[in-house]
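S.K.: Chains as they are written, first to last, in the numbering used here: chain E, 4 to 119; chain L, 32 to 147.
Computed beta-carbon distance windows for the label pairs:
(1) L:101 to E:62: 23 to 33 Å
(2) L:142 to E:54: 30 to 40 Å
(3) E:107 to L:38: 19 to 29 Å
(4) E:72 to L:87: 38 to 48 Å
(5) E:117 to L:76: 20 to 30 Å
(6) L:47 to E:74: 45 to 55 Å
(7) E:62 to L:47: 40 to 50 Å
(8) L:72 to E:64: 22 to 32 Å
(9) L:83 to E:54: 22 to 32 Å
(10) E:23 to L:32: 25 to 35 Å
(11) L:101 to E:18: 42 to 52 Å
(12) L:147 to E:45: 26 to 36 Å
(13) E:66 to L:72: 19 to 29 Å
If you are wondering where the hints come from, they were derived from the structure by calculation, not from laboratory data.
Values in this document were obtained by computation on a predicted structure and should not be read as measured data.
Ideal placement from N, C-alpha and C gives every residue a C-beta, glycine not left out.
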Amino acid sequence: KAGVTQTPRYLIKTRGQQVTLSCSPISGHRSVSWYQQTPGQGLQFLFEYFSETQRNKGNFPGRFSGRQFSNSRSEMNVSTLELGDSALYLCASSLIAGGLRGDTQYFGPGTRLTVL
Amino acid sequence: AQSVAQPEDQVNVAEGNPLTVKCTYSVSGNPYLFWYVQYPNRGLQFLLKYITGDNLVKGSYGFEAEFNKSQTSFHLKKPSALVSDSALYFCAVRDSRGGGADGLTFGKGTHLIIQP
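With these hints in hand, go ahead and build the complete structure from the sequences.
M.R.: Here is the structure:
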């Protein structure tokens, strides 16, 4: 089976712009989660989607949003980019909602976003 | 609230020696515990998890971890280290209470360096 894929792998934007990142989960997986990884804050949970519904959201401002499509693919959007949004954004997929029965999350390679 | 602590930023081990990477956690309910490894410029790779049952969990590449409820620990171990094990290791926890809707909480990571 193909793993989790994320596009694009690298992105350079300027402050004030917006960006959309895409994630395709492992075939058959219905849950997608997003995480932000930075040297200072480490890995932080952004949000999780299951069956096109957001289950929960981490402690991030409203500029960060996401959605999931009927084929389980997911996108996340960041509006009005700030320098501090520079990070590696990781997508993870699991068979079911990740917290149920401790289902394993499998991660993609990430999208490296640089905000200038 | 759920939290994870990895007390060591870096662990140095000679090739062929046993290795241990430490992790302690805090949850309200029962923990779902995970170990992931990250190589440079890559996403996170799943190693093993504890959900319930046997306290000793075996995973990929010869790694294992021991769940200790009284000490709230989940240390990662390997009997004989390889140079190729050198990477960044993350411990993560998810609280079973509330259906685990809070996403994975990660530790800060431990750099494992295996010296030839």
